[in-house]
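Asks: Spelled out from the first residue to the last, the chains are:
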Amino acid sequence: MLSLGGGKIVSSDGGSWPLEEITGLLQDGQILGKGARGPNPAGMRVLTFGVQVAEVAVDVETGEVVVERIHAVHDVGRVINPLGARSQIEGGIIQAMGHTFSEARLDDPRTGSILTRTLDAYKLPTFADVPEIVCELVDVPDEHLTNLGSKGLGEPPIIPTAAAIANAIRDATGADVTSLPITREEILQALREARERERVAAGTA
Amino acid sequence: MQLVRPSSLEEFAALGGEPGDQALAGGTELVPQLRDGLIHAERLVQITDVVPRGVEGTTIGAGTTLAELEHDAAIPEALREACRLAASPQLRNMGTIGGNLLQSTRCWYWRLQFPCRLHGGDVCHARAGQHREHAIFANDFCASAHPSDPAAALLALGARVRTDRREFPLDVLYRLPTADDRRLTTLEEGELILELEFAPPLASVYLKAMDRKRWAFALVGVAAARYEDGVRLALAGVAPTPWALESLDALEAAEPLPDNAYKVELAQALGRRAIASVSR
Ligand SMILES: Cc1cc2nc3c(=O)[nH]c(=O)nc-3n(C[C@H](O)[C@H](O)[C@H](O)COP(=O)(O)OP(=O)(O)OC[C@H]3O[C@@H](n4cnc5c(N)ncnc54)[C@H](O)[C@@H]3O)c2cc1C
Ligand code: SF4
Chain A
1 MLSLGGGKIV SSDGGSWPLE EITGLLQDGQ ILGKGARGPN PAGMRVLTFG
51 VQVAEVAVDV ETGEVVVERI HAVHDVGRVI NPLGARSQIE GGIIQAMGHT
101 FSEARLDDPR TGSILTRTLD AYKLPTFADV PEIVCELVDV PDEHLTNLGS
151 KGLGEPPIIP TAAAIANAIR DATGADVTSL PITREEILQA LREARERERV
201 AAGTA
Chain B
1 MQLVRPSSLE EFAALGGEPG DQALAGGTEL VPQLRDGLIH AERLVQITDV
51 VPRGVEGTTI GAGTTLAELE HDAAIPEALR EACRLAASPQ LRNMGTIGGN
101 LLQSTRCWYW RLQFPCRLHG GDVCHARAGQ HREHAIFAND FCASAHPSDP
151 AAALLALGAR VRTDRREFPL DVLYRLPTAD DRRLTTLEEG ELILELEFAP
201 PLASVYLKAM DRKRWAFALV GVAAARYEDG VRLALAGVAP TPWALESLDA
251 LEAAEPLPDN AYKVELAQAL GRRAIASVSR
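Keeping their order, the protein sequence lines are chains A and B. Taking our numbering, the leading residue of the first sequence gets 1, the next gets one more, and so forth. Taking our numbering, the leading residue of the second sequence gets 1, the next gets one more, and so forth.
Watch out, some of these pointers could steer you wrong.
[What the hints assert, rightly or not] Some residues of chain A that are not near chain B, with every Cβ distance over 12 Å (derived):
#1 Gly35
#2 Val73
#3 Asp139
#4 Ile159
#5 Glu198
[Stated by the list, open to error] Quick list of in silico lysine to any residue cross-link-like pairs, SDA-like style, CA-CA up to 20 Å:
#6 B:Lys213 <-> A:Pro131
#7 B:Lys213 <-> A:Leu180
#8 A:Lys34 <-> A:Met1
#9 A:Lys8 <-> A:Gln27
#10 A:Lys151 <-> A:Cys135
#11 B:Lys213 <-> A:Tyr122
#12 A:Lys151 <-> A:Pro82
#13 B:Lys213 <-> A:Gly43
#14 A:Lys8 <-> A:Leu26
#15 B:Lys213 <-> A:Glu68
#16 A:Lys151 <-> A:Gly43
#17 B:Lys213 <-> A:Leu124
#18 B:Lys213 <-> A:Val58
#19 B:Lys213 <-> A:Asp59
#20 A:Lys151 <-> A:Val58
Keep in mind the hints are simulated off the structure, nothing from the lab. The beta-carbon is built from N, C-alpha and C at its ideal position, and this holds for glycine as well.
The shape of chain A in the complex, shown without the other chains (with noise of 0.2 Å):
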């Protein structure tokens, strides 16, 4: 039987090679594989884990939230291709980050029309808009799924996105919004009322 590791196919009887040479013998010709991957397993659901978390700065005057860095860590099972995973998790976050701040359909209330048709009036995030993305992978392969013991990678990173930002402005603002996506007139709102919030508390105490 013949491994791959190192950057050396090894055979069980002790034999190693570099690959480089012996992908320099293939010349013109290709080397397929092929695998499957099993089934999920019946009767138990597929879950991934993941945390993420969010530092951002807040400017309480004008509203403008930049978000400086996104740490996210992720289980999903064996990782398969690494660099894939990574960029699976950098996407999501800025997809993410398209309807946490800047991504709204706007409809015209007595024709129902969609205003937003356009790139320049439906505003998805530049790179600009991009934060500091820190990926972790766990890497441990699931033992109760398929014979990969991988699992998807497409929705995690995206979903506690904008939950997390949220909360980091609350945490350094006391502003809670709760809705999106988080626009000027939206934080500026809940900036007045965690004001009106800790006034009143003030005047209690």
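Go by the hints and put chain B with the ligands onto chain A.
Replies: Just chain B with the ligands now, with coordinates in the frame of chain A:
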């Protein structure tokens, strides 16, 4: 549609203006409007070789691109920053300052050709509908918000406009639309902006609030320029035209619509900062 490219002001004049003419500079506003059927043209007159380009002392050729202004150390900071924060690098490389001053509103109703007042109809759909990005001053007839950042900067910088026919202060270029005359500028048919002249300030700044960090029109933009006799303020995104403010107290006269009162708060915060920044 025909495209002509006169090689001088004389050749441009010799063409003789016709009703179906549209002047074409960088085309970043004109071409999308043609494509969307917002305007029609029989003949596009490319004015690249007609309108001066570049900066000389305090004079800016109307054909100078936003990218050129953004990078020119001789340009006051307010205008450089207004250009830097406008649009995207691609658009700033193509878009000229002349075209920027004459861009149309981004009001979604107007862009989607709702039969609103600015299109000659008898209602303002934004006032009763979606207007979070709209005007907080002079919004009675049409609540559109002027989208140009450089216009606010140039207004604070006391700019004058020279056309192929006359010369006037920048605020005269703009007018509020009325039932009798829906136009937002006072430029005559076929009149070309050739140059802009600014008054060099002691200090100047432009601050802009947007829905995202780059490539968005101003929710509110504030330009401040300090001169011997005081600080001049002008705003983008708050009225159908670029809006000069006597002082921040004048913000109390704003008449926001139900969903855009936050713009008053933004203007106050940015205004205070802009004044502090040029007064240091
Ligand atoms: C997606 C997008 C985002 C943008 N974001 C911003 C922003 O954030 N801030 C901002 O300020 N601007 C923004 N802009 C506007 C952009 O800066 C303008 O489109 C550009 O400056 C127009 O210049 P142009 O040379 O391309 O004009 P053109 O498209 O060629 O012309 C525009 C209009 O001006 C007329 N015109 C042009 N030059 C002259 C002249 N010298 N004399 C008389 N008439 C003339 C034309 O006939 C036409 O009616 C944005 C534009 C787009 C498309
Ligand atoms: S704000 Fe002006 S452009 Fe927009 S719908 Fe009203 S009248 Fe039309």
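Asks: Against each hint, give a clear statement of whether it holds in the structure.
Replies: Each hint, compared with the structure:
1. Against the 12 Å criterion, A:Gly35 stays outside the reach of chain B, whose nearest CB is about 42 Å from its own CB.
2. No beta-carbon of chain B comes within 12 Å of the beta-carbon of A:Val73; the shortest separation is about 26 Å.
3. A cut-off of 12 Å between C-beta atoms confirms that A:Asp139 is not in contact with chain B; the least separation is 33 Å.
4. The Cβ of A:Ile159 lies farther than 12 Å from every Cβ of chain B, with a closest approach of about 21 Å, so its non-interface assignment holds.
5. Listed as a non-interface residue, A:Glu198 keeps its Cβ farther than 12 Å from every Cβ of chain B; the least gap is roughly 18 Å.
6. Between B:Lys213 and A:Pro131 the alpha-carbon distance is near 11 Å, which keeps this suggested pair within the 20 Å criterion.
7. This hinted pair checks out: B:Lys213 and A:Leu180 have alpha carbons roughly 17 Å apart, not beyond 20 Å.
8. For a cut-off of 20 Å, the pair hint linking A:Lys34 to A:Met1 stands: about 16 Å separates their Cα positions.
9. The hinted pair formed by A:Lys8 and A:Gln27 meets the criterion: a straight-line CA distance of about 18 Å does not exceed 20 Å.
10. A C-alpha spacing of about 17 Å is found between A:Lys151 and A:Cys135, which places the hinted pair at or below 20 Å, so the restraint holds.
11. In summary, the hint linking B:Lys213 to A:Tyr122 is supported, as the alpha carbons are separated by about 14 Å, within the 20 Å threshold.
12. A threshold of 20 Å between alpha carbons decides the hint, and for A:Lys151 with A:Pro82 the separation of about 13 Å falls inside it, so the pair holds.
13. For the proposed pair B:Lys213 and A:Gly43, the alpha carbon gap of about 47 Å is over 20 Å, so the pair is violated.
14. For the proposed pair A:Lys8 and A:Leu26, the alpha carbon gap of about 15 Å is at most 20 Å, so the pair holds.
15. This hinted pair checks out: B:Lys213 and A:Glu68 have alpha carbons roughly 13 Å apart, not beyond 20 Å.
16. For the hint pairing A:Lys151 with A:Gly43, the CA-to-CA distance comes to about 16 Å; that is within 20 Å, so the pair holds.
17. A threshold of 20 Å between alpha carbons decides the hint, and for B:Lys213 with A:Leu124 the separation of about 11 Å falls inside it, so the pair holds.
18. Only pairs whose Cα atoms come within 20 Å are accepted, and B:Lys213 paired with A:Val58 is accepted, the gap being roughly 14 Å.
19. Between the alpha carbons of B:Lys213 and A:Asp59 the distance comes to roughly 14 Å, so the proposed pair stays at or under 20 Å and holds.
20. Taken as a hint, the A:Lys151 and A:Val58 pair is broken in the structure, with Cα atoms around 36 Å apart against an allowance of 20 Å.
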